[in-house]
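Number of protein chains: 2
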Amino acid sequence: MKVVSTPYEDIQIGARATYQRQITEGDVRAFATLSGDTNPLHLDDRFARTTPFDGRIVHGALLGAHLSAALATQLPGPGTVYLEERLRFRRPVRIGDTVTTELEVIEKREDKRFVRLKVEISTEAGGQVASGEALVMPPPERIELDLVDRA
Amino acid sequence: MKVVSTPYEDIQIGARATYQRQITEGDVRAFATLSGDTNPLHLDDRFARTTPFDGRIVHGALLGAHLSAALATQLPGPGTVYLEERLRFRRPVRIGDTVTTELEVIEKREDKRFVRLKVEISTEAGGQVASGEALVMPPPERIELDLVDRA
Numbered sequence: 000m001k002v003v004s005t006p007y008e009d010i011q012i013g014a015r016a017t018y019q020r021q022i023t024e025g026d027v028r029a030f031a032t033l034s035g036d037t038n039p040l041h042l043d044d045r046f047a048r049t050t051p052f053d054g055r056i057v058h059g060a061l062l063g064a065h066l067s068a069a070l071a072t073q074l075p076g077p078g079t080v081y082l083e084e085r086l087r088f089r090r091p092v093r094i095g096d097t098v099t100t101e102l103e104v105i106e107k108r109e110d111k112r113f114v115r116l117k118v119e120i121s122t123e124a125g126g127q128v129a130s131g132e133a134l135v136m137p138p139p140e141r142i143e144l145d146l147v148d149r150a
Numbered sequence: 000m001k002v003v004s005t006p007y008e009d010i011q012i013g014a015r016a017t018y019q020r021q022i023t024e025g026d027v028r029a030f031a032t033l034s035g036d037t038n039p040l041h042l043d044d045r046f047a048r049t050t051p052f053d054g055r056i057v058h059g060a061l062l063g064a065h066l067s068a069a070l071a072t073q074l075p076g077p078g079t080v081y082l083e084e085r086l087r088f089r090r091p092v093r094i095g096d097t098v099t100t101e102l103e104v105i106e107k108r109e110d111k112r113f114v115r116l117k118v119e120i121s122t123e124a125g126g127q128v129a130s131g132e133a134l135v136m137p138p139p140e141r142i143e144l145d146l147v148d149r150a
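Line order of the protein sequences matches chains R and V. If you're matching positions, the first sequence starts at 0 in numbering that gives the first Met the number 0 and goes up one per residue. If you're matching positions, the second sequence starts at 0 in numbering that gives the first Met the number 0 and goes up one per residue.
Honestly, I wouldn't trust all of these hints.
Unchecked claim - Ranges of calculated distance between the beta carbons of each label pair, as one might list FRET restraints:
#, chain 1, residue 1, chain 2, residue 2, range
1, R, GLU103, V, ARG112, 32 to 42 Å
2, R, LYS117, V, THR17, 28 to 38 Å
3, R, SER130, V, ILE105, 20 to 30 Å
4, R, ARG90, V, GLU140, 21 to 31 Å
5, R, GLU109, V, LYS117, 25 to 35 Å
6, R, ASP145, V, GLU109, 51 to 61 Å
7, V, ASP9, R, ASP53, 24 to 34 Å
As the list claims (entries may be wrong) - Listed below are several chain V residues computed to face chain R (Cβ distance under 10 Å; list not exhaustive):
#, residue
8, TYR7
9, LEU40
10, ALA60
11, ARG87
To be clear, the hints were calculated from the coordinates, so they are not data collected in a lab. Ideal Cβ positions, reconstructed from N, Cα and C, are used throughout, including at glycine.
Please put together the full structure from these sequences, using the hints given.
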């Protein structure tokens, strides 16, 4: 599948994009390994069952990783430079949940050629699980990328 | 190595902690795989050399993963619930850089038992590369965790 970036000039206020991805057990393990975040809330069933969540939840920052992918593959797309993120984690996400990340362009800063997007993250089971904003610099030109599917 | 959490009651305003970790080629590939963020800025040397960065840079959200680990293993430590993150990516981080994440407690919210921390992220080469804030709920009790070193 090919993805194509939208350069700054072509981005419209109100433009929207969606990125959807299921979170697997392997994703949570890989995230723990690459970050060093071995919080038992995410990895240890027995411990997690003693908390108000009554079971393991997904790392909040893993939603930040999905957001990064949404920006880099959907809007503005490949070549985007990530400048600022703000995420509020509202409800737990479970392993196996399919996470939908929705973006909407809410501001274009002509002086610096930055774009601000509103971010809503949801799952079927939990409704809205996180929300926030992202500030990015879109690529100056249209970039086309071959998107490799998850192996 | 054992890590121990600091419950809400024992956390002091001004308390500080540091988390340090080198970012490897494998981390960047693993992050791309688990997130789906295949931005060529992070993965494609030839493309990245045509940008103002003159070479590949690390995903900004990977610094968010380090921040998550700093909160979960250092301060407040295991059992911490992540509520909100804000990160501004200021300078590029390169593969091979050792990233230092520094935390400082700046607010305790007695009503909700939340703690706010200031975040400064730096590398030896780049100085301050990111900064921001995190809001967390520390565990109600002291939790001890066996920290598994990176394999």
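Holds or violated: 20 to 30 Å for the Cβ distance of SER130/R and ILE105/V?
holds, 23 Å
Beta-carbon spacing of ASP145/R to GLU109/V - inside the hinted bounds 51 to 61 Å or not
Holds: the Cβ-Cβ distance is about 53 Å, inside 51 to 61 Å.
Does the beta carbon distance between LYS117/R and THR17/V stay inside 28 to 38 Å, or does it fall outside?
holds, 34 Å
The hint says 25 to 35 Å between GLU109/R and LYS117/V; measuring C-beta to C-beta, is that right?
holds, 31 Å
With 10 Å as the cut and Cβ atoms as the points, is ARG87/V at the interface with chain R?
holds, 5 Å
Cβ distance range 24 to 34 Å for ASP9/V and ASP53/R, holds or violated:
holds, 26 Å
Assessment of proposed distance window 21 to 31 Å (beta carbons of ARG90/R, GLU140/V):
Given a distance of about 23 Å, which is inside 21 to 31 Å, the answer is holds.
Under 10 Å is the threshold here; is the Cβ of LEU40/V close enough to any Cβ of chain R for the hint to stand?
holds, 6 Å
Assuming the hint says 32 to 42 Å, is it satisfied by the Cβ distance from GLU103/R to ARG112/V or not?
holds, 33 Å
Under 10 Å is the threshold here; is the Cβ of ALA60/V close enough to any Cβ of chain R for the hint to stand?
holds, 4 Å
Minimum Cβ distance from TYR7/V to chain R below 10 Å?
With a closest approach of 14 Å, the TYR7/V hint is violated.
In terms of the numbered hints stated before, the structure departs from hint 8 and from no other.
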